[in-house]
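Position chain L against the provided structure of chain C, taking the given hints into account.
Chains C and L, in that order, are what the protein sequence lines are.
With the numbering used here as the guide, the letters of the first sequence map in order to residues 1 to 510.
With the numbering used here as the guide, the letters of the second sequence map in order to residues 511 to 634.
Just so you know, not all the hints are guaranteed correct.
Unchecked claim - Cross-link-like lysine to any residue pairs, in silico, SDA-like; alpha carbons within 25 Å at most: (1) L:K597 x C:R334; (2) C:K297 x L:E537; (3) C:K264 x C:I274; (4) L:K597 x C:T337; (5) C:K270 x L:K570; (6) C:K415 x C:G332; (7) C:K240 x C:E214; (8) C:K210 x C:V197; (9) C:K347 x L:F601; (10) L:K603 x C:E358; (11) L:K597 x C:R368; (12) C:K181 x C:K264; (13) C:K270 x C:A346; (14) L:K513 x L:N546; (15) L:K597 x C:I274.
Quick caveat, the hints were computed from the structure, so don't treat them as lab data.
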Amino acid sequence: MKTGDYKILLVDDDPFVRELLSAVLEDNGYKVTTAENGKEALNAFVTDPSINLILTDMNMPEMSGQQLINKLMENVFDIPIIVLSGNKEIAVVMEALNSGAEDYLIKDEFIQDTIDIKIKKTLEKQALKKRNLQLIADLSIKTIELENALSSQTAIINNMPDGLLVTNAEGMVTLANPAIKEMLNLPDRDIIRKSYVHILSGMLNELMEKTGREKDGVFTTDIALPGGRAGRAVATAIRKKSSRDLEYEYIGSLVMVRDITAEKEVDRMKNDFISIVSHELRTPLTSIIGFTKLIRKKLEDVLFPCMGSPEGKLLKAREQVSSNLGIIISEGERLATLINDVLDIAKMEAGKIEWKTETLSVCGLIDRAFDATSSLFQEKRLSFRKEIEDGLPDISGDGDRLIQVLINLLSNAVKFTEKGRVSCRAFSDGDTITLSVEDTGIGIAKDDIELVFEKFKQVGDAHTDRPRGTGLGLPICKQIVEYHGGRLWVESELGKGSVFSFTIPTAGTG
Amino acid sequence: MAKILIVDDEPHIRLLLMQTLEELEDEGVELIMADNGEEALETIKAERPQLVFLDVMMPKMNGFDVCHAVKNEMAMKDVYIVLLTAKGQEFDKQKGNQAGADIYMTKPFNPDEVVEKAREVLGI
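Extracted from the complex, chain C is given alone in its bound form (with noise of 0.2 Å):
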């Protein structure tokens, strides 16, 4: 305490007591003033705001130094006062002691030593007092914030439609929301307390026990709710972490049950969409392709045979009638893979395929996806070359749809070469490997070469009268390849040829 921050106010009628108690306390470092009486003591305190306590005499004129603790207890003003008097009748003492003095010092031979420790005892006592009174301001005004915030806490809980539960670190229930009530059918009587393996079952209990071993981490579990409904459980530790402390304190869990029974159905829905469209589409679209195929088969075995040899107008009739049954046959058949690509590709991007991992080698893929399109070499007469780097490792991923890949990628190569060869290479690098496809055909123009890879853009042949593709080829496979967490390109030379490549990982890695 420094007590040169202190001032004094010291009262005496007598000049001489005054100048010598004065020069002891500065002496000790107080700040002082003085006053010869009651009356004008009360002056300067109420006009000097600095003064910290009030030294004062007893029998003083015109206002005694017990008719100024009066005064000053009256009007509340909170400062302490210490009497120093020469009086020591024991009635004068106790009336200044109870009503308001802090202590009465008797005018002695020591009193030169013992003023500075009393008075700093007093103003020790002053300061604690003070800091008391800020200490239960300061209190009243948390309680009241915590209390807001529990009233809003409780609100939200209480009215949230999500189920909530609370226990402690025994594993007792401390909250347990209306909602979650409701949603697991829990018994009106107090459940708060109790230990929640009584409360929870099945797999809610599994997922509580996890949260008190690990006590860090999220738990999630679809649980079937009673009254035939679906729900989705998440659980976690609660964790405390004072100031003070390094560690976490784990205090308990929760778990939060959410409804998801409407959102199933969605998903039901759209699924059940999926099929309902493919069963619709496909079924008129076997009767369209089937009966010309037999049409076409009972005039060629059947009733072109009766002709002859035709000539002219009937030569030509033939003709177009077999070539026109042909153009149906074919972009039936276009029809039917666009349909399988179209629910491809919605079923991709709503991220509806159910993908299959397994153990794959890229020889035996390649091979695969070789003999699917083998014909289409054959009927171009264009020569295949493998390249395939020695002890490859496997890799891991949906091996249907990693050949669906290689069959597009090989397709379209054949398609766009008029002559010369398909290469197929496939190398390591590290923790990815590398498979292209390289054919010697047309090309694609540097300003189509972003194009190919977007939903039904097809670049190049526009004035052929070949039947074209799905538009949806290239698209399906960059959504297969980065699915498997590859990447799908091409560097094309217009005139000169294309190369098609893509990366997967190998097994062991992403």
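Coordinates of chain L only, in the frame set by chain C:
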């Protein structure tokens, strides 16, 4: 006498399959029809065909259930069942296997493949 049963709720598809397999009729094969799952089961019990072309998506009783009934409950393991489905890549192969189907074909199917399979199963 060799018998083939064709089951599909769509009359056009039944007609298509019948015309596709017509050439076998000349070789002594009898073609029988059914237009729903329950009728199919009755017919299989009564006629005991060697080969059944069975559509999957039918009302009331679907192809999986018929297949399961024939292969598991009725234990008629010598009936060769071809499941026909209009679902392409979404066809649940696992479900088909569990039901006991011998093979599945997706629509639109290739008529040549249908005849080829029939000849293979009937041994003609």
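Unsatisfied constraints (hint numbers, rising): As far as the earlier hints go, not one is violated by this structure.
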